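Chains as they are written, first to last, in the working numbering: chain V, 1 to 269; chain R, 1001 to 1280.
Careful, some of the hints might be misleading.
To be verified - Derived Cβ-Cβ restraints for the label pairs, each shown as a range: (1) V:L157 with R:P1088: 28 to 38 Å; (2) R:T1032 with V:V218: 52 to 62 Å; (3) V:D228 with R:I1043: 21 to 31 Å.
As the list claims (entries may be wrong) - Looking from chain V toward chain R, a few residues come up when the C-beta cut is under 8 Å (computed): (4) E55; (5) N59; (6) G73; (7) A74; (8) A138; (9) S172; (10) N175; (11) G187; (12) E188.
Honestly, the hints are just simulated from the structure, not real lab data.
These figures come from a predicted structure and were not determined experimentally.
The C-beta atom is built at its ideal place from N, Cα and C for all residues, glycine as well.
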Amino acid sequence: MKLKHWIIFLLGLSLAACSAPASNKPTISILAAASLTESFTQLGAVYQKQNPEVELVFNFAGSQALTNQIRQGAPADIFASANLQYMFTLENEGFVNPNTAKIFAGNQLVMIVPKNNPAKIQHIQDLAKPGIQLVIGAEAVPVGFYTRQFLDQANSLLGENFQQRVLSNVVSYENNVKSVLTKVRLGEADAGVVYRSDVINAGDEVLVFDIPPEINIVAEYPIAVLKDSKNSRAAQSFFDFVLSEEGQTILMAYGFSPLSDRSLSTQQN
Amino acid sequence: MTSLTVEKKKINTALPSREISLKFNNFWWLATFPMLLFITFPIVALFLQVTPTDLWVSLQDPVVGLAISTSLRTSLTTTLLTFLFGLPVALLLAQKNFRFSRLVDTLIDLPTVLPPAVAGIALLMAFGRVGLLGSGLSDLGISLPFTSVAVVMAQLFVAAPLFIKAAAIGFSSVTPELKQAAALDGATRWQTFRFIILPGTWTALLSGLVMTWARALGEFGATIIFAGNFAGRTQTMPLAIYLGFEINLKLALTLAVILISFSFLVLVLVKQVLYPRFTD
């Protein structure tokens, strides 16, 4: 008898748990690049205070993973990518209406080392120091692509085979920028390359080295409302909020550079 | 004596099982359909996505070859280490009422119920460069994360319990009387193990090893956290499939098809050896 009661109790509980979020609020799900984790969480909190009638759900991951989720039909309303390429892909495949995506922020790369700096790294050139354990993004992850671009540009300044020497120090290609940060923060890797926005609030956990602007890159972040959005009006209002002055101020506080309100050129370069 | 009882058992079980199977055929087999279909359908769907040309082209990709060789190298090492270091634990567990028996038993169960990501973080906290033991190791110039050794450790942590449990059950099925009789006849511990215990339990040991090997081959979560991702060193087939899914779906599908075929073949082969009656 007792067991029976327990079973009924547990069944009731699980039913209640399943049916609990039955509110009629419009829910917008936002798929955003991993590097936007902190800034978009903050943007969401401010937005929600002003728009309590809307529910926001975030999914942060590598932009390449999110692009794939959208192509496989994941229900989503907004996509914010860490590079233009994936937005173009979705535009070309009809998931985003042409000419609706906008660039809302820029970002730059920095080199990070663990707080105790086990490899005694002093400047960017040390990325090529033989034997250091370097962790960077995989090539398909925007940060990995940008890292290669920066290394390529660094060749002209730091010697012809700089890129090659740096890449021979890589011990792991991570699938999003936050994994790079974590492995450096834990002290598992001697150095890593991440976005400035990733370390703006991790300042006391890692040492940050600036990369000179002449060899650095500018990562452009586009945002768009997806064509299949079920709540396109609510989604559009969040989109507008990101591009608004208030939204831009928040993004800048998280280390992004203002690039707002620039339309994407439809030509992919 | 023993052969007689075995024959008796066979006669006893033959009759009711036929009755059951008759009933089964008539009615219950319908009820097996949803589950069997649910497992078959995705696998068929996966295979339908890959044309032989795709398979051939993807096989030329160096990433695929490296992933296969990394996977085989690490998972076979794991299986060997599991046998060497798991066997004593299995023998211990087979003696049911030793001190702390419940504790050891639960401990061995733990990795099989833990999410692999937890295993990966735990390994990092223990053997990472700043981990409990890892910091001492790194003073000696040994660094485990991001190496093939780390891949094997992740697999060992997650997969070894499968063998240990299977072997322990096998060992505990050997009757104590038999062991006592052997001891009375002057057999040493090794001889008892070699001539009494092993012949009666090798099927359990082998199937346990195969389960461990298959689990090691599929290990993903602990590996990507503890060992990272580097082609030819730590990028096993599951890692290549996961990253391939984001970049190059064809490559991921090819590896998936290879992994499934491989596991299926080995399971069939082992079952053929272990339970020949299934093939009658």
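Quick rundown of the hints versus the structure:
1. A hinted range of 28 to 38 Å is violated for the C-beta pair L157 of chain V and P1088 of chain R, which are about 59 Å apart.
2. At about 59 Å, the beta-carbon gap between T1032 of chain R and V218 of chain V stays in the expected band of 52 to 62 Å.
3. Between D228 of chain V and I1043 of chain R the CB atoms are about 29 Å apart, so this pair conforms to the stated range of 21 to 31 Å.
4. Using the Cβ-Cβ criterion of 8 Å, the hint placing E55 of chain V at the interface with chain R is not satisfied: the shortest such distance is roughly 28 Å.
5. Annotation: interface hint on N59 of chain V violated; nearest CB of chain R at approximately 14 Å, more than 8 Å.
6. Here the hint on G73 of chain V is broken, as its CB sits about 14 Å from the closest CB of chain R, past 8 Å.
7. At a threshold of 8 Å, the smallest CB-CB gap from A74 of chain V to chain R is about 13 Å, leaving the interface hint violated.
8. With a least beta-carbon distance of about 6 Å to chain R, the hint placing A138 of chain V at the interface is held under the 8 Å criterion.
9. Using the Cβ-Cβ criterion of 8 Å, the hint placing S172 of chain V at the interface with chain R is satisfied: the shortest such distance is roughly 3 Å.
10. The beta carbon of N175 of chain V is positioned within 8 Å of a beta carbon in chain R (closest approach about 6 Å), and the interface hint is therefore held.
11. Because the closest C-beta pair between G187 of chain V and chain R is about 4 Å apart, less than 8 Å, the hint holds.
12. The interface hint given for E188 of chain V is met, as the beta carbon of that residue sits about 5 Å from the closest beta carbon of chain R, less than 8 Å.
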